[in-house]
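Trainee: As a plain string of letters, each chain reads:
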Amino acid sequence: MRDEEIARIAVAAIKIEASRKPDERIYIGDRVFTFLEIAEAVDRGDPFIVEKFLQPFLERLKKSEAFRMKVLKLVGGT
Amino acid sequence: MKALIVAPVFDEATRHSYDWSRLAKTMLEEEGYLVHDLSGRGVGRREVEEAVGDTDIVCFFDHGDEDRLFGDRSEPVLDLGNVDLLSGREVYTMACLSARRLGVEAWRRGAKAYWGYEDSFIFTTDAVEEFREFAVSGLRYRLQGKSWSEALELARKLGRSLADKLADEGKIIASSCMHHDADALRCYDGGEPPARCLLRRIALKIFGRVGWLVSRLRGVCILGFGVGYGIALHDYAHALWQVGGYREILSFQGGYLGFALMLIFFILEFIDFLRMARR
Numbered sequence: 001m002r003d004e005e006i007a008r009i010a011v012a013a014i015k016i017e018a019s020r021k022p023d024e025r026i027y028i029g030d031r032v033f034t035f036l037e038i039a040e041a042v043d044r045g046d047p048f049i050v051e052k053f054l055q056p057f058l059e060r061l062k063k064s065e066a067f068r069m070k071v072l073k074l075v076g077g078t
Numbered sequence: 001m002k003a004l005i006v007a008p009v010f011d012e013a014t015r016h017s018y019d020w021s022r023l024a025k026t027m028l029e030e031e032g033y034l035v036h037d038l039s040g041r042g043v044g045r046r047e048v049e050e051a052v053g054d055t056d057i058v059c060f061f062d063h064g065d066e067d068r069l070f071g072d073r074s075e076p077v078l079d080l081g082n083v084d085l086l087s088g089r090e091v092y093t094m095a096c097l098s099a100r101r102l103g104v105e106a107w108r109r110g111a112k113a114y115w116g117y118e119d120s121f122i123f124t125t126d127a128v129e130e131f132r133e134f135a136v137s138g139l140r141y142r143l144q145g146k147s148w149s150e151a152l153e154l155a156r157k158l159g160r161s162l163a164d165k166l167a168d169e170g171k172i173i174a175s176s177c178m179h180h181d182a183d184a185l186r187c188y189d190g191g192e193p194p195a196r197c198l199l200r201r202i203a204l205k206i207f208g209r210v211g212w213l214v215s216r217l218r219g220v221c222i223l224g225f226g227v228g229y230g231i232a233l234h235d236y237a238h239a240l241w242q243v244g245g246y247r248e249i250l251s252f253q254g255g256y257l258g259f260a261l262m263l264i265f266f267i268l269e270f271i272d273f274l275r276m277a278r279r
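Chains as they are written, first to last, in the numbering used here: chain A, 1 to 78; chain B, 1 to 279.
Hints may be right or wrong, so weigh each one.
Claimed, not checked - In silico PhoX-like pairs for lysine-lysine, Cα to Cα no more than 20 angstroms straight-line:
1. K146(B) / K62(A)
2. K157(B) / K63(A)
3. K146(B) / K25(B)
Stated by the list, open to error - Computed, partial: chain A to chain B, Cβ under 7 angstroms:
4. Y27
5. I28
6. R60
7. K70
8. V75
Since the hints were made in silico from the structure, they are not lab data. Where is the CB? At the ideal position from N, CA and C, for every residue including glycine.
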């Protein structure tokens with residue numbers, strides 16, 4: 001699977017989960033975001049969120065097939 | 001046995017870490033530790049320094065940075081300036097980033113173990129219970145009698161299994177964060193912390209663990225001495241070559257005695273430093 005495709009799936013999955021639980025919060029060090037804010041930050045490529053949240057997410061998506069399958073299930077793929 | 005728990009509260013995230021520290025406190029008390037608790041408010045540097053006293057284990061639940069642990073929004077309660085206080089103690093933190101420098105420095109200065117994270121500790125509110133379980137897991141394993149190295153392996157394994165469970169439940173954001181935390185977990189308890197600096201890696205390769213005690217200034221001095229020595233020797237040889245060619249260079253010169261003495265005493269001084277460092 002190509003990197004762009006993986007990134008597209010990741011962003012879609014994050015947006016879907018954020019739309020289901022917009023007010024849940026994520027704490028990254030001393031900064032706090034709602035899931036909705038995280039989805040928006042991922043969408044606009046916020047450097048802090050990309051480095052601290054999206055990159056580890058993408059790495060795991062690339063490396064773990066089991067995780068990839070679960071994420072694909074969430075976004076409706078197979 | 002005595003333990004110190006520092007769990008300041010001064011923002012949203014620290015309310016959660018304070019909550020997690022209560023579980024750690026209960027675990028310690030159940031194992032018979034006398035717990036000195038500095039928690040639930042902003043905590044000052046001096047009170048932590050005084051409280052460390054003769055504790056066996058120091059637990060810290062709050063924000064951190066590469067070289068410090070915070071007691072409130074701005075004041076570090078432990079940093080490179082007072083890291084010596086951790087010598088001879090086991091240190092358990094859930095603070096972000098502190099395993100990068102503070103943990104390494106604590107280990108270098110004789111802490112029995114330093115538990116911390118090399119990157120940010122990230123958690124989500126839809127899986128608070130799982131993150132709490134993970135955050136205190138190392139301490140739990142240690143109190144069950146595992147070594148710190150074993151506790152590290154078990155905690156990482158637990159983190160990854162919790163990440164899988166969260167993914168199964170469709171909590172993929174929490175799952176990714178949990179997996180990240182498990183990857184960022186470090187424990188220095190006799191194993192070598194990773195050296196980031198190339199010169200440090202070289203020093204460790206040559207001198208073993210003592211390589212951690214070669215200060216940056218000493219490293220620069222050694223490098224400077226080597227370069228200066230080389231330049232002087234080259235220029236001296238060149239001057240001899242101008243006078244009488246290679247025959248002059250290869251013949252005995254008083255200057256060579258000077259160079260030999262410089263080298264011998266430099267090596268002797270360094271051997272003396274290594275002996276002291278080993279002690």
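Trainee: Does the structure keep K146(B) and K62(A) at a Cα separation of 20 angstroms or less?
Mentor: Given that 20 angstroms is the threshold and the Cα spacing comes to 33 angstroms, the pair is violated.
Trainee: Measuring from the C-beta of I28(A) to each C-beta in chain B, is the shortest one below 7 angstroms?
Mentor: holds, 5 angstroms
Trainee: Does K63(A) lie within 20 angstroms of K157(B) when you go C-alpha to C-alpha?
Mentor: holds, 17 angstroms
Trainee: Does R60(A) hold up as a contact with chain B if the rule is Cβ-Cβ below 7 angstroms?
Mentor: Holds - the Cβ of R60(A) comes within 7 angstroms of chain B, reaching about 5 angstroms at its closest.
Trainee: Take the C-alpha atoms of K146(B) and K25(B), compute the straight-line distance between them, and say whether it is at most 20 angstroms.
Mentor: Holds - the C-alpha atoms of K25(B) and K146(B) are around 18 angstroms apart, at most 20 angstroms.
Trainee: Given K70(A) as an interface hint, is its Cβ closer than 7 angstroms to any Cβ of chain B?
Mentor: Status holds, d = 4 angstroms.
Trainee: Taking 7 angstroms as the limit, does the beta-carbon of V75(A) come near enough to a beta-carbon in chain B?
Mentor: With a closest approach of 10 angstroms, the V75(A) hint is violated.
Trainee: Hint Y27(A) vs chain B: min CB-CB distance below 7 angstroms?
Mentor: holds, 4 angstroms
In summary, the structure is inconsistent with hints 1, 8 from the numbered list given earlier, while agreeing with the others.
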